[in-house]
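Here are the chains, one letter per residue:
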Amino acid sequence: MLRTALRNVLAHKARLVMTALAVMLGVAFVSGTLVFGDTVAGAFRGASAKNLDGVAVAVQDGGTTAAPEAKPGDFKTALDDQLAQRIAALPGADSVRPTVNGRATLAAKDGKPLNADADWQNLAVNYAPGKDGKDPLYPLAKGRAPASSGELALDTKTAEKAGYRVGDTVRFATDGPALTKKLVGLVDTDDPRVTAGGTLALFDTATAQKLFTAPGYYDEITVGARPGTDQVKLTDEVRALLPGEDAATATSGQALAEQQSREIAESTGSLTKALLVFAGIALFVGAFIIANTFTMLIAQRTKEIALMRAVGASRKQVVRSVLVEAALLGLGASAAGFALGLGIASVLPALLNAGGAGLPDGPLIVSPSAFVWSLVVGVVVTVLAAWLPSRKAARIAPVEAMSTVDAPPKTRSLVVRNVAGALLVAGGMPFMLYVAGLDKPAEVDLLTALFGAGLFLLGLIVLAPLLSRPFIALAGRLTQRLYGVSGKLAKENALRNPRRTAATASALMIGLCLITGLTVAAQSADRAVAAEATTGLAADYRISNSAYRGIDRDAAGKVAEVPGVSAAAPLASATGETRGGYLSLTGGDPATLGKVTDLRFTQGALADVGPGKIAVSSELAKERGLRVGSQVEAGLGGRFVDGVRKGATTKTFTVVGVFEKNRTVEQALGTLGDVLPYATDQKLDEVLVKAESGASGLDGKIRDALGNSPLLKVQDRDQIVASEVGAVGTVLNMMYGLLGMAVLIAVLGVVNTLAMSVFERTREIGMLRAIGLDRAGIRQMVRLESVIICLFGAALGIGSGIFLAWLNSGITGGTLPGYETVLPWLRIGLFIVLALVVGVLAAIWPARRAARMDVLGAISAS
Amino acid sequence: MPYAAVHAPAATAAARASGLTKVYGAGETRVVALDSVDVEFGRGRFTAIMGPSGSGKSTLMHCMAGLDAITSGSARIGDVELTSLKDRELTRLRRDKVGFVFQAFNLLPTLSAYENMTLPMAIAGRSPDKAWVDRIVRTVGLADRLAHRPAQLSGGQQQRVAVARALASRPEIIFADEPTGNLDSRTGAEILGFLRESVHALEQTVVMVTHDPVAAAYADRVVFLADGRIVDELHAPSAESVLDRMRQFEGRVRTS
Chain H
1 MLRTALRNVL AHKARLVMTA LAVMLGVAFV SGTLVFGDTV AGAFRGASAK NLDGVAVAVQ
61 DGGTTAAPEA KPGDFKTALD DQLAQRIAAL PGADSVRPTV NGRATLAAKD GKPLNADADW
121 QNLAVNYAPG KDGKDPLYPL AKGRAPASSG ELALDTKTAE KAGYRVGDTV RFATDGPALT
181 KKLVGLVDTD DPRVTAGGTL ALFDTATAQK LFTAPGYYDE ITVGARPGTD QVKLTDEVRA
241 LLPGEDAATA TSGQALAEQQ SREIAESTGS LTKALLVFAG IALFVGAFII ANTFTMLIAQ
301 RTKEIALMRA VGASRKQVVR SVLVEAALLG LGASAAGFAL GLGIASVLPA LLNAGGAGLP
361 DGPLIVSPSA FVWSLVVGVV VTVLAAWLPS RKAARIAPVE AMSTVDAPPK TRSLVVRNVA
421 GALLVAGGMP FMLYVAGLDK PAEVDLLTAL FGAGLFLLGL IVLAPLLSRP FIALAGRLTQ
481 RLYGVSGKLA KENALRNPRR TAATASALMI GLCLITGLTV AAQSADRAVA AEATTGLAAD
541 YRISNSAYRG IDRDAAGKVA EVPGVSAAAP LASATGETRG GYLSLTGGDP ATLGKVTDLR
601 FTQGALADVG PGKIAVSSEL AKERGLRVGS QVEAGLGGRF VDGVRKGATT KTFTVVGVFE
661 KNRTVEQALG TLGDVLPYAT DQKLDEVLVK AESGASGLDG KIRDALGNSP LLKVQDRDQI
721 VASEVGAVGT VLNMMYGLLG MAVLIAVLGV VNTLAMSVFE RTREIGMLRA IGLDRAGIRQ
781 MVRLESVIIC LFGAALGIGS GIFLAWLNSG ITGGTLPGYE TVLPWLRIGL FIVLALVVGV
841 LAAIWPARRA ARMDVLGAIS AS
Chain C
1 MPYAAVHAPA ATAAARASGL TKVYGAGETR VVALDSVDVE FGRGRFTAIM GPSGSGKSTL
61 MHCMAGLDAI TSGSARIGDV ELTSLKDREL TRLRRDKVGF VFQAFNLLPT LSAYENMTLP
121 MAIAGRSPDK AWVDRIVRTV GLADRLAHRP AQLSGGQQQR VAVARALASR PEIIFADEPT
181 GNLDSRTGAE ILGFLRESVH ALEQTVVMVT HDPVAAAYAD RVVFLADGRI VDELHAPSAE
241 SVLDRMRQFE GRVRTS
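Here the protein sequences line up with chains H and C, keeping their order. When we follow UniProt numbering, the leftmost residue of the first sequence carries the number 1, and every step to the right adds one. When we follow UniProt numbering, the leftmost residue of the second sequence carries the number 1, and every step to the right adds one.
With the rest of the complex left out, here is chain C (with noise of 0.2 angstroms):
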């Protein structure tokens, strides 16, 4: 290991904020996005992130997953503390104990199919585990597009080879970025099944940030987020439940 490793207590958590605080500007234009946040996200869990557009649910994600710089607080990814890694050890970090599915698919256009799910490998320089390969291909049902570049494959194709790619060097964590965006809700209906599916039937850890709440029902838990503090939480969600939550939670928003 390159980097310090920091022996939490008890790691049950895959990644682990506390006291998180993300400032951005200084003076009038200080904005606080993140104001001390706690959260856990459990091992072999589904975590859905919610919350209105400038929550600061994208921000919890970026800063847990190593992308964006932490103002104070401590942000851990299994017993790694990011806050004391230098760009370099995060970059490692990403590549060895993270996997990232956009919004924006995000594939290069220049590599197949298969070239781009096995890319974060191929930058540590390590050859990728055939059987398990195989069998997030199966998975994804992708078998027989493996040779085909971006442009070849639809939308939903892309994303699944997006969610494939963040599946392939198995991760501690996986992060999703709106992964449904641009998807119509079939496609996307699709996508979230395979992320659940790779939490319960591959025994990955997913944190979704999303403002669906259809998406949001695909999740074991789902944290609510506004004003840069986590407001509520609910556990085995339906889409009426988490509909619900929102308005309720949107209504105090509104009365406070």
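Next comes chain H alone, as it looks inside the complex (with noise of 0.2 angstroms):
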């Protein structure tokens, strides 16, 4: 039996090499994935391991020692001098690292600040020398090590991507204002966050605690150890000097290094599941072409298969030849997926980084388990794919070899399949209907409504040949108008084998539903954000802080003397407890608020507010049932110590108006002087401005009057929705691109399918030949039932991709107020010239094949 199947698979391997390229493909995403997924593990781990070089204990300042109200520069915590001294008079510790670590983001050469919107990646550390006065984790490069309170060292790339050279002064913010320090020395560094597109800042040991600790005191330690001494006792001993858990904390670096291994495997390791769930979508796609292969081959085979039980093979023996010649396609076409899976992994992370996905360089990594899964998943699918035929094939009787050679297949009865993909669809409904109706539906539910799409969905591919008729006749009937006999013969080639067709517009529609439905979501999402973000905003430009440290209160005032502003509304919040929860109360100035946003009172009004007297959102006088006349008793500011807010202040308000609750103000509104003794800092969280009609490019003038640090973020109209609206639009990019692995497989699907009926109805190709069919009739013939194909996949993909989207808004839609389906008709007539686009591409080859046939040939074959 292994003997025919090979020799099947190699007499076949013209009409195997679509259906082994679908495999290819899917496995070569999954080795691609796995392979891709140890080797950033892989090259994170060495990055991390590189940074804990030598540090055998890390102790950290647990940020509860300094006064409540400290500033950086006065912000004394638990590590200082003292301790460090200490640590290192320790026997067993070799060098001691106290270190200052901050954040700086810094302005470019040209005064554009860097990264400004990933403050967190933008780090700024003290220059640690140790006994040989060099720092080990910074190699100078050039130049110098900072050494006064003037100097600044900063990385290679940083200085590069600034356009700094040695010599130079740089503009930087910690927090709020532009300092200045002339560049002394450049480093290197592979820390990941700077990789990855931050910036490293190194200050001298003094200039850096005075930017973000206090003289003498540190954030962090690190200790070596000297040769031969047990990292845990080390450890435990350093602990011992600590003054308390809450203060400081002591860790192994042996501990560190498990605990950054896991946190990466744990973020590798998500990224690796959601790439495998498309490959698991691109995989499944290809299973339809697997399945529709072997259905044709062993209907093309049935003589030969009949004359095999004939002479004595038993049905599974039959059977098992179908899934032997399938395992071995398998396999073959999942060794070279597996080849083009590490092509795609090695080329991978230097795509990425061309991004700005800064992934640390590192060996590719092939573990025997990514190699192994990729054949088992190509193999496994494959058999699993050809099963069903193979069922078709045992029950083919003896008696056909007899037959004649014009026995018309016969046509089993879909009613089964249809009963089937009736309960099916009727089954999937209940499950996401029970979700669409729920008010604030959870994460369970989600996967209920997962659950019920996937049985709509799968009832859907069941019906699919039932559907296929009304579909095709009413597409045939345009195609017999436009292109006569051609389009009459495709109509009647796309409906001769209903379960054909269904099973190759099936693999388009798979990749087509998802596509659309998150569009629809996406966009409908996009819609509700962008409207919901401009909901009575009357300002054009947004001022704020890009690390949210605040703006100095002082910023309205100059903002509002800038020629073409016409008001600037300073804005600050707070937030407290009353007795019926959590407060949010914002402040502003009745008198320019009015101009930048339009709030809408239904009962008061804003010049009602003032100093004692506040709004109140509608929801929230709903929520606590508050009118005009209550009183709000709330305690503000203070700060959170284990969850509990200590030290606040107890104040009460009169509610005097309230209000419908919009982007600038959520729940309630006082006034500036109520409300910013209690904003972190004291600082105002944004200004609002209000442009002259006709002045524009107001921005660089604002910047300019606020000092232009690099930590002031100044946004025009345009650029405050877009923030909203946010990624929506790249990850949804980034979905077609892995989606569109699932069509590219679908295509390969309407290629085979085309191919292997050309190759079955080559006499009657022949015979269309002779009797005055010419070869662009073939060929519009062959393309136009490709294209009816591709667009009845498009048709249940679109359609249902909408449906689902629909029906399922309540979950997109649950977190955002005035979330609506919206459709957007463009990018879905885009899907449908697209899918006619693929008909026609898909059609290319078979159509040329049928096109060029023998007429003399193709008449007598048999």
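These are calculated hints, taken from the structure and not from any lab test. Note that beta-carbon positions come from the ideal geometry of N, C-alpha and C, so glycine has one too. It is possible that some hints are incorrect.
Per label pair, the in silico range of CB-to-CB distance [claimed, not checked]: (1) Val-728(H) with Arg-88(C): 48 to 56 angstroms; (2) Met-734(H) with Thr-29(C): 56 to 64 angstroms; (3) Ala-69(C) with Leu-364(H): 55 to 63 angstroms.
Two chains, two frames, a set of hints: combine them into the complex.
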């Protein structure tokens, strides 16, 4: 049987090419993901190991020692010089490296902030020289280490990005105003945050302490051990020197490495898992092609199989020969797919880094398990997909060996299939309807809805042959009118085997359903967010701090002086507790606020808000039973210790108005004077600016008026909306890319079906050529069949995608007020055009084969 | 007319070959299938081409029908010289001037009997001549089977549809390649009867390739082919006379 199977694979290699390609692409996706995941995790582990090199114990400040209101420069941590010296005196300690860690956002040489929106990646640390006077973590590449308060060093890449050279004056900011220091040296680093697009600035220890802690204080001390010292014991000894567990913690280097390694594994693991979902979708689509191919191969081989049965092969042997053939195909294609996956995994990091992903360098890691899993997945999917067709082979009766050439293929009734499909569709609906009816769907409900959607789609796939008839009859009417006999023949060909047409179209449907569903949901969400972001927003510019460190309270006054500015409204916020629960109190200036936001009052008016008098949103009023005249007692400010607010000041306010909440004021509005004392650092959150009509391009002038700190963020209206809508578009594009593989495999499926159909219809095509259909007509016939199949797939996919997105809008829109399913007509049109183009492209090769057929050979083919 | 009409001196023949030579392969594998054949197929006549396997009878038909390229010589249908035509023009010619009946019926399983019959006209984008098609349908006795698919018809009925398809476009000439090869003798006789009737009652021209003397006996004239040459012909044949000639001629071949 193995020999028969092998012979069959080899004999039909031309017909198996597309199927092998489909398996190969799916497996390449899987193996590429696995190898990429291993490689990236390995590279991260390597980078983190390098950073932890020589660290036996790490001591970190717990942040509880400093006074509650302490400012940078006066932030006295639990780690001071004295402690460092005591640790250094421990017998096991070889080196002690006390460090100060902060953040600094740099301005490039042209004044533009660098990586301002990812402030956590913009490291600022002290240059901590070891015994030899050099910092082992930051080897100098050029110049010298910073040695005085007027100097700093940068890492080479940061300097290059910013356009600074040694000797230049560098502008930067750590919390508010711009600072300048002279660049005296460049260092190398492979800190993953920096390689991922961040920046690194180094100061001498005293300067770093002034900027982030307090003179003589550190926030981390790393300890190197003498050779032969037990890390755990040393850690215990260090811990004994610490003031208390809250104040500071000591962790051994090993534990730290394990912890980082675990975190890396978790984050790359979740990335790998997400990618594997898409690989799974691609393989699922591939399964349709495999099943279709084997069904067609078995139909073509009916006589051969019947002959084998007639000469004594058992049903089991027939089934086994088909499955072995599938396994061989799966194995070969998987091996090729694995090789392709290696290629993908080796270029992917470089590709992602070009897009700014900042993955550390590392060798390609090919684990045996990735290899084994890729092959197993490929073979199992192929064999499973061939299983149903193999049952068909078993049903072939020996007597069919003697039947005439022209015995029409028996068409099995679709009744059972249709009933099953209807049941699946009907079974999926209640799950989705249940979730759609929920007010606040939870994560479990999302799974329920997914399950329902899965059943629904499966049912649709099962029903596809039934649905294909009316669709193709309708489409065929059009092709017949437009293209005459070729159009009619194309329609009849697409109709003659509904199962085959349906399986081919289903493969395309899956990808398009997901693409359409995601597009509809994403665009609807986009629309809702954008609408919400601009509701009531009348401001032309928003000024804020890109590191969320607040804006100085006098900023509004300065901006108001800028020519072209009509109003500058300062906004602050304080949080507090009332008897009814948490309260977010926004502070504004009633005189200017009305010019930048359109607050709609249902009771009272903006002008009524004054000292001790607040307005509340209608939502809050309803929730807490407040109305005009109510008294609200709130404990404002303070800070959280173990989840409890401590040191809050109790204030009593009178409600003077009720407004409809918007993006600018969510819960309650008071005066700036009432709120600012309880705001973080007594700073403003933002300043909203209304420009005089006709004035534009004010952002530069506003920046200048406020000192142009790199942390200053000035957004115009479009940028405000874009920042709210944010990454939806990027994520959607990534999804398109990932689902593109599923669509590509489906296209291979269309090529495959057409090529095999053309082969099966050799005699018919020969006859058509003989009685006068020219080559162009034959090509047209195949092309139209392809287009009809693809459009059917597109109709199913786009239709179900829209339907599912609409039905599940409760989930996508659950947290978005004003969410409404909007149909992105342009994109949908684009998808339909895409399906048309795919249909035409998929037909190129099969149509050419059909048209080039030798007429005489074709007519007499058996 | 898209193809250049070459006017023959006197075109009484529906099709004519002169010096028709067909060679397959080259060098040691060179096979001469037709060796300078001169033959005419008279208009309104039923001609049978007979000969043993490998005699070149099918090749002659294929060359005359524009299905196969000619090595040298000339083949004409009506006054059109086939050798000067390109593939597209040959296709048009087959569509408009030639009808085919194949051994294996060769119907499209997706189309009804009526649609199969009128397929050549559909390809040409012409509407069928209603009265003519009705007459053919009546002649072949398919009036109550027009909406059936080939799979719902018996072998004989399928071949009747094929004959009707060949007749429906009222071609210059109909080529039939072993039209009874896949049928039992009774249904075969029926088909041959229709072919003869289409010549005599409907004034069509039929050229039929066969190796069956009984089938050949339905023709007005039998042309015998051996080793790529016309070796004999017989007018108003009977099965016996054809068989007789075959024997003589086979004897001749054997003794030569």
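Hint-by-hint comparison with the structure:
1. Distance hint check for Val-728(H) and Arg-88(C): the Cβ-Cβ separation is about 54 angstroms, which falls inside the suggested range of 48 to 56 angstroms.
2. The given range of 56 to 64 angstroms is respected by Met-734(H) and Thr-29(C), whose C-beta atoms sit roughly 60 angstroms from each other.
3. Taking 55 to 63 angstroms as the suggested C-beta distance range, the pair Ala-69(C) and Leu-364(H) conforms, at roughly 57 angstroms.
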